[in-house]
Amino acid sequence: SQQGEEDPQALSIQEGENATMNCSYKTSINNLQWYRQNSGRGLVHLILIRSNEREKHSGRLRVTLDTSKKSSSLLITASRAADTASYFCATDLNTDKLIFGTGTRLQVFP
Amino acid sequence: DSGVTQTPKHLITATGQRVTLRCSPRSGDLSVYWYQQSLDQGLQFLIQYYNGEERAKGNILERFSAQQFPDLHSELNLSSLELGDSALYFCASRGGSTDTQYFGPGTRLTVL
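Line by line, the protein sequences give chains Y and E.
In the working numbering, each residue's number is its place in the first sequence (first place is 1) plus 64.
In the working numbering, each residue's number is its place in the second sequence (first place is 1) plus 3.
Only chain Y is shown next, with the shape it has when bound in the complex (with noise of 0.2 Å):
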C-alpha cells in the first residue's frame, strides 16, 4: 500500500517558473526523501529531510516537512527543460524501508 500520496499528479510549466509538489503521508516518520525519475529509468536521490527538520535546501531545490499535518512539499526554483521527470517522496518509517508515493510528473516546456 502507499504511504504517500502526492499531488498534483501532474504539473505543467514554463521554463524559469516555480514548480511546487506535495507529498501526504499517513504514519510518524524517521525521514522522508525526495527522488527524480526520468522516463522509466533509475531513481536518483535529491534530499533528505529527517522528522526534527523543517525545512532543507540544496541547490535550486527546497523541501519543507510538517509532521503535525503528515506534510512535505518541494519546491524547484528556476525551472529548466531537464527538470522534466517524475518526482517521488519516500518515507521512512525507521523500518528501514522506503515506503514510496504516487509521484508527480513534472513537465517544463521551453
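It cannot be assumed that every hint is accurate.
Unchecked claim - List of simulated lysine to any residue pairs, SDA-like, C-alpha gap at most 25 Å:
no., chain 1, residue 1, chain 2, residue 2
1, Y, K90, Y, G123
2, Y, K90, Y, K134
3, Y, K120, E, L14
4, E, K60, Y, D160
5, Y, K90, Y, Q78
6, Y, K133, Y, L112
7, E, K12, Y, R169
8, E, K60, E, D102
9, Y, K90, E, D102
10, Y, K90, E, T101
11, E, K60, E, S27
12, E, K12, Y, T148
13, Y, K90, E, G61
14, E, K12, Y, N102
15, E, K12, Y, S103
16, Y, K120, Y, L110
17, Y, K120, E, D4
18, Y, K90, E, Q44
19, E, K60, Y, S122
20, Y, K120, E, G61
21, Y, K90, E, H76
22, Y, K90, Y, L112
23, E, K12, Y, R105
24, Y, K134, E, R66
25, Y, K133, Y, R169
26, E, K60, Y, R114
27, Y, K120, E, K12
28, Y, K90, E, D43
No lab work stands behind these hints, which were simulated from the structure alone.
Once you've looked at the hints, dock chain E against the given chain Y.
Chain E alone, transformed into the frame defined by chain Y:
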C-alpha cells in the same frame, strides 16, 4: 551515476519461465534493497538484505526469492513468471553512515 549496478537492463521472457536479476551495491554498502515498479502498484518494497542476511520483507510473492552473497552482490530470482510480473525492478544500497538509499538503473522485465 549512483554506483549501484544492475544487470541485465532489459529482459524479455515467457510466462512460466524463471529469471535472475543481479545487483552490485556501492562499494562498502552492506544493505541491499529490492523494489518493484509497475503501472498498477507503483513503487513497492520487496525485500532487504544486510551483510548476507535477510533483514526485512515487503510485498514479495512466494514465487520470488533473493539472496546476498559474501561479496555483497545480490540476486533476485523470479519464477513461474506471469504477465503481471512485467515491471521495472530496482536495487538500492545503503551504507551504515547514511539513511539515503542509492538506486541502480533498474532491470525492465517483460513477460510475454
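Do the hints match the structure? See the list:
1. Of the supplied pair hints, the one linking Y/K90 and Y/G123 is violated, its CA atoms being roughly 29 Å apart against a limit of 25 Å.
2. Only pairs whose Cα atoms come within 25 Å are accepted, and Y/K90 paired with Y/K134 is accepted, the gap being roughly 7 Å.
3. Pair hint Y/K120 plus E/L14 does not hold up; C-alpha atoms about 39 Å apart against a cutoff of 25 Å.
4. As the CA atoms of E/K60 and Y/D160 are separated by approximately 11 Å, the hinted pair is consistent with the 25 Å bound.
5. This hinted pair does not check out: Y/K90 and Y/Q78 have alpha carbons roughly 32 Å apart, beyond 25 Å.
6. Pair hint Y/K133 plus Y/L112 holds up; C-alpha atoms about 18 Å apart against a cutoff of 25 Å.
7. Our distance criterion of 25 Å between C-alpha atoms is met by E/K12 and Y/R169, whose separation comes to about 23 Å.
8. Taking the CA atoms of E/K60 and E/D102, the gap is near 18 Å; set against the 25 Å cutoff, the hint holds.
9. Proposed proximity of Y/K90 and E/D102 is supported: the alpha carbons are some 20 Å apart, at most 25 Å.
10. Restraint check: the Cα-Cα separation between Y/K90 and E/T101 comes to about 24 Å, which is no more than 25 Å; the hinted pair holds.
11. Of the supplied pair hints, the one linking E/K60 and E/S27 holds, its CA atoms being roughly 20 Å apart against a limit of 25 Å.
12. With a C-alpha separation of about 23 Å, the suggested pairing of E/K12 with Y/T148 holds against the 25 Å cut-off.
13. About 18 Å separates the Cα atoms of Y/K90 and E/G61, which keeps this hinted pair within 25 Å; it holds.
14. The suggested pairing of E/K12 with Y/N102 holds, with an alpha-carbon distance near 15 Å, which does not exceed 25 Å.
15. Between the alpha carbons of E/K12 and Y/S103 the distance comes to roughly 15 Å, so the proposed pair stays at or under 25 Å and holds.
16. For the hint linking Y/K120 to Y/L110, the alpha-carbon distance of about 11 Å falls within 25 Å, and the restraint holds.
17. Only pairs whose Cα atoms come within 25 Å are accepted, and Y/K120 paired with E/D4 is accepted, the gap being roughly 23 Å.
18. Annotation: proposed proximity of Y/K90 to E/Q44 holds, straight-line Cα distance about 18 Å (limit 25 Å).
19. For the given pair, E/K60 sits about 32 Å from Y/S122 by alpha-carbon distance, which is inconsistent with the 25 Å threshold.
20. For the hint linking Y/K120 to E/G61, the alpha-carbon distance of about 30 Å lies beyond 25 Å, and the restraint is violated.
21. Under the criterion of a C-alpha separation no larger than 25 Å, the hint pairing Y/K90 with E/H76 is inconsistent with the structure, at around 33 Å.
22. Proximity of Y/K90 to Y/L112 is assessed by CA-CA distance (about 18 Å); at most 25 Å being required, the pair is judged to hold.
23. Taking the CA atoms of E/K12 and Y/R105, the gap is about 10 Å. The hint holds against a cut of 25 Å.
24. For the hint linking Y/K134 to E/R66, the alpha-carbon distance of about 35 Å lies beyond 25 Å, and the restraint is violated.
25. Only pairs whose Cα atoms come within 25 Å are accepted, and Y/K133 paired with Y/R169 is accepted, the gap being roughly 23 Å.
26. Between E/K60 and Y/R114, the direct Cα distance comes to roughly 24 Å. Compliance with the 25 Å bound is thereby established for this hinted pair.
27. Pair hint Y/K120 plus E/K12 does not hold up; C-alpha atoms about 34 Å apart against a cutoff of 25 Å.
28. As the CA atoms of Y/K90 and E/D43 are separated by approximately 20 Å, the hinted pair is consistent with the 25 Å bound.
When the structure is compared with the earlier hints, violations turn up for hints 1, 3, 5, 19, 20, 21, 24 and 27 and for no others.
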